[in-house]
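Since chain A is already given, all that's left is putting chain B with the ligand on it; use the hints.
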Amino acid sequence: MHVSQSSEEGSLDRRAEQRLIDRAKRGDSQALRELIDAHKDRLFAFLWRIIRNHHDAEELCQEAFLKAFSSLDSFSSEYRFSTWLFTIGYRLCLNAMRRKKALSGEVDFSIFSAAEPGADEETAQSEEARRLKELVWGQVDRLSPPQRAAVVLFYRHEQSCHEIAQVLQLPVATVKSHLHRARARLKEMLEPLMADDARRDRILGELAG
Amino acid sequence: MSGLTCQQARNLFDAHLNRELSDDLSTEITAHCLRCPSCRQELALLEVAGQVIRAEHDEPSLPDDFTDRLVACIQRQPVAPIPFYRRARVLWTAGPALAAACLLLVVGLWPEPRPTHVLGEKETREQTEARMKPIPPDVSLDEATLALQERFQRGASAARNTLDSLGEASKRTLRATLQAIWPETDGAAPIMEGLPQPADTASPDAAMAGEVEDL
Ligand SMILES: [Zn+2]
Chain A
244 MHVSQSSEEG SLDRRAEQRL IDRAKRGDSQ ALRELIDAHK DRLFAFLWRI
294 IRNHHDAEEL CQEAFLKAFS SLDSFSSEYR FSTWLFTIGY RLCLNAMRRK
344 KALSGEVDFS IFSAAEPGAD EETAQSEEAR RLKELVWGQV DRLSPPQRAA
394 VVLFYRHEQS CHEIAQVLQL PVATVKSHLH RARARLKEML EPLMADDARR
444 DRILGELAG
Chain B
722 MSGLTCQQAR NLFDAHLNRE LSDDLSTEIT AHCLRCPSCR QELALLEVAG
772 QVIRAEHDEP SLPDDFTDRL VACIQRQPVA PIPFYRRARV LWTAGPALAA
822 ACLLLVVGLW PEPRPTHVLG EKETREQTEA RMKPIPPDVS LDEATLALQE
872 RFQRGASAAR NTLDSLGEAS KRTLRATLQA IWPETDGAAP IMEGLPQPAD
922 TASPDAAMAG EVEDL
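The listed protein sequences correspond, in order, to chains A and B. FYI, in the numbering used here the residues of the first sequence are 244 to 452. FYI, in the numbering used here the residues of the second sequence are 722 to 936.
So that you can see chain A by itself, here it is in the shape it has in the complex (with noise of 0.2 Å):
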């Protein structure tokens, strides 16, 4: 099975970063840079996923972090670090995207372009797998950005739908929507790369009810 969610943020308990961040709060140097070090890389992945530049991700992430440390005051400790830190990095995405669009006035077709590292360095996988991981992950750059970063959170961060709903900052019926749409669309896809043996015996299963 996945592991469970308070082990998620690696090494890090909840006392032990509280005490990181009241040592931060004091302009501790290393208490910064251990919970820099702790969270840096799955924020990153996250707002790569959302953002699909590589440039704008590392860009956005060190935004997040100054802009976490610099109001590390009103952090409350009822919240994970993580959960506010990725909270302030979705925030940040949607308005960096939303201001590439306002100033280019259209979309960004090369976030569709599946060119971005780590795409043709498969070795170990069959043709098979490696093309249901490109389907996937193509869909997912389809989806709209709070579905695509519900998906992310859910499955890539194993964060619950009560977290992801702090995270994007929408109730926690909207997240589960976003949840439902997107494997809707994500089975949908699927459904055609189904054998059709499978999938007579679907439909013959659908039709005795």
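None of these hints come from the bench; they were simulated from the model. Treat the hints with care, since some could be wrong.
[What the hints assert, rightly or not] Far from chain B by the CB rule (all over 12 Å, computed), these chain A residues:
#	residue
1	R257
2	A259
3	E260
4	Q261
5	D265
6	D280
7	K283
8	R323
9	T326
10	E370
[As the list claims (entries may be wrong)] Per label pair, the in silico range of CB-to-CB distance:
#	chain 1	residue 1	chain 2	residue 2	range
11	A	H298	B	D779	15 to 25 Å
12	B	D786	A	L315	40 to 50 Å
13	A	E377	B	P758	24 to 34 Å
[As the list claims (entries may be wrong)] Partial pick of chain B residues on the chain A-facing surface, computed with a CB cut under 8 Å:
#	residue
14	D735
15	A770
16	I774
17	S782
18	L783
19	V792
20	C794
21	Q796
Please read these numbers as outputs of a predicted model, since none were measured by experiment. Just so it is clear, CB atoms sit at the ideal spot from N, CA and C, and this is done for glycine as well.
Same frame as chain A, but now just chain B with the ligand:
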């Protein structure tokens, strides 16, 4: 007690996939799927994408010196990451369609009190220099943010006075522009209040969803 019907099972698929069901109910679903090929297939299809996404590890990574640079940056107590005069410059490059909005924005960003400033009036060299004067590098992030907001708000009342002279279309353009370049602070709020909410962007998320889904 007999097991779930297909409809009952399928109604629970979402909650099951969201890991929200009790163990008992999840087992009911598993039991149903064992005897029902159709639901088994359906559930498997819904799970495929999740499995692929969960197993992903091909994302690019940050440069090795990311942490060093960031810590250095924090310790230098930099000014706001994107100073307002750079935002304004971005605007100027955005093309003639935004020219009217730019003009008004300049009025709005005027750093010195100029309550009677008229839209379109030429600025003097001193005024330009004052407007473009960066926040000193040795102030803290908070001070810089405050200073930026103060500058903006001082100019905002003057800018608001000129709003009435604009047509509806210009107001909408201005709103979109302000939202685009001044997104993370409430600095633009005083001006926003005087502008119409464009019908198709009432909810930013809904608007973005539309953009991408329509493709
Ligand atoms: Zn069934």
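Item to check | Hint check against the structure, violated hint numbers in rising order | outcome: Those not satisfied are hints 6, 7, 12.
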